[in-house]
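Chains as they are written, first to last, in this note's numbering: chain A, 46 to 158; chain B, 6 to 120.
Any given hint could turn out to be false.
To be verified - Away from chain A, derived, C-beta distances all over 12 angstroms, residues of chain B:
no., residue
1, Gln34
2, Ser100
3, Asn113
4, Arg116
Unchecked claim - If you want a taste of the chain A side facing chain B, the calculated C-beta under 10 angstroms gives, among others:
no., residue
5, Glu51
6, Pro53
7, Ser57
8, Lys71
9, Tyr80
10, Arg86
11, Leu88
12, Val89
13, Ala127
14, Ala130
15, Phe133
16, Gly144
17, Ile147
18, Phe148
19, Glu153
In case anyone wonders, no lab produced these hints; they're calculated from the structure. Quick reminder that beta carbons are idealized off the backbone N, C-alpha and C, glycines included.
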Amino acid sequence: SQQGEEDPQALSIQEGENATMNCSYKTSINNLQWYRQNSGRGLVHLILIRSNEREKHSGRLRVTLDTSKKSSSLLITASRAADTASYFCATGEVYNQGGKLIFGQGTELSVKP
Amino acid sequence: GAVVSQHPSRVICKSGTSVKIECRSLDFQATTMFWYRQFPKQSLMLMATSNEGSKATYEQGVEKDKFLINHASLTLSTLTVTSAHPEDSSFYICSAMYGLRSPLHFGNGTRLTVT
């Protein structure tokens, strides 16, 4: 079953602009991860934020987590055409210790040069 | 590091035949592997969790007799789609982890088309 939803479903911006994607989830979680998928390819892990963290940075990526609202956001700053891809959040649930992740619906990002 | 190789990347088969997809962790021992299915422009749907040396755990609604999963070693898991039908056409992706605290490492997926 799917954990939650991401919005927007699609986002189109110009190179250099910032892109913000949001993810909501339903259950209690251990961690939340963001992945990137280029068309027709596998997923690449971007960043993991634990349930006791509120914000995390990695290069041009900034992730926030609000466990009270059961939501997370991914910000990509100074976007590049190469950032064009689908972005998925995935949650690791508290009661599942087997490493299973539940993926959101994804945001399709298009960065125009 | 942490490379997962999935093979084949594309396969076309006739209805009624079986297709095997391999997922290998190339530079680490994968304690657990996961198999996902993805329809166009949709999210990944977890099909099953595979632990080395034990039976796979299937998600609700996934037919274990149709989607046979074998995890014979710490570096290889296989998914066999048996008696494939056109509705089985999809993008199948495997992922592997080397511990509960490791992120998932994904293969590049297999595009299955059943004619």
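Status of each hint after checking the structure:
1. Non-interface call for Gln34/B relative to chain A: holds, since the shortest CB-CB distance, roughly 14 angstroms, exceeds 12 angstroms.
2. With a least beta-carbon separation of about 7 angstroms from chain A, Ser100/B fails to lie farther than 12 angstroms from that chain, contradicting its non-interface assignment.
3. A beta-carbon of chain A comes within 12 angstroms of the beta-carbon of Asn113/B; the shortest separation is about 4 angstroms.
4. With a closest Cβ-Cβ approach of about 7 angstroms to chain A, Arg116/B is found to fall inside the 12 angstroms limit, against its non-interface label.
5. Interface hint at Glu51/A: satisfied, since its Cβ lies 9 angstroms from the closest Cβ of chain B, which is below the 10 angstroms cut-off.
6. Violation of the interface hint for Pro53/A is found here, the shortest Cβ-Cβ separation to chain B being roughly 14 angstroms, above the 10 angstroms cut-off.
7. The closest approach between the C-beta of Ser57/A and any C-beta of chain B is roughly 15 angstroms, which is over the 10 angstroms cut-off, so the hint fails.
8. Using the Cβ-Cβ criterion of 10 angstroms, the hint placing Lys71/A at the interface with chain B is not satisfied: the shortest such distance is roughly 14 angstroms.
9. Look at Tyr80/A: its Cβ gets to within about 8 angstroms of chain B, closer than 10 angstroms, so that hint holds up.
10. At a threshold of 10 angstroms, the smallest CB-CB gap from Arg86/A to chain B is about 5 angstroms, leaving the interface hint in force.
11. The interface hint given for Leu88/A holds, since its Cβ lies 4 angstroms from the closest Cβ of chain B, which is under the 10 angstroms cut-off.
12. At about 7 angstroms, the closest approach between the beta carbon of Val89/A and any beta carbon in chain B falls short of 10 angstroms, and the interface hint on this residue holds.
13. For the restraint placing Ala127/A at the interface with chain B, the shortest Cβ-Cβ distance is roughly 18 angstroms, beyond the 10 angstroms limit, so the hint is violated.
14. Annotation: Ala130/A was flagged as interfacial toward chain B, and the flag is violated, the nearest CB pair being 13 angstroms apart, outside 10 angstroms.
15. For the restraint placing Phe133/A at the interface with chain B, the shortest Cβ-Cβ distance is roughly 6 angstroms, inside the 10 angstroms limit, so the hint holds.
16. Because the smallest distance between the Cβ of Gly144/A and any Cβ of chain B comes to about 5 angstroms, under 10 angstroms, the interface hint for this residue holds.
17. Satisfaction of the interface hint for Ile147/A is found here, the shortest Cβ-Cβ separation to chain B being roughly 7 angstroms, below the 10 angstroms cut-off.
18. The interface hint given for Phe148/A is met, as the beta carbon of that residue sits about 5 angstroms from the closest beta carbon of chain B, less than 10 angstroms.
19. Because the smallest distance between the Cβ of Glu153/A and any Cβ of chain B comes to about 7 angstroms, under 10 angstroms, the interface hint for this residue holds.
In the structure shown, a violation is registered for the earlier hints numbered 2, 3, 4, 6, 7, 8, 13 and 14, in ascending order.
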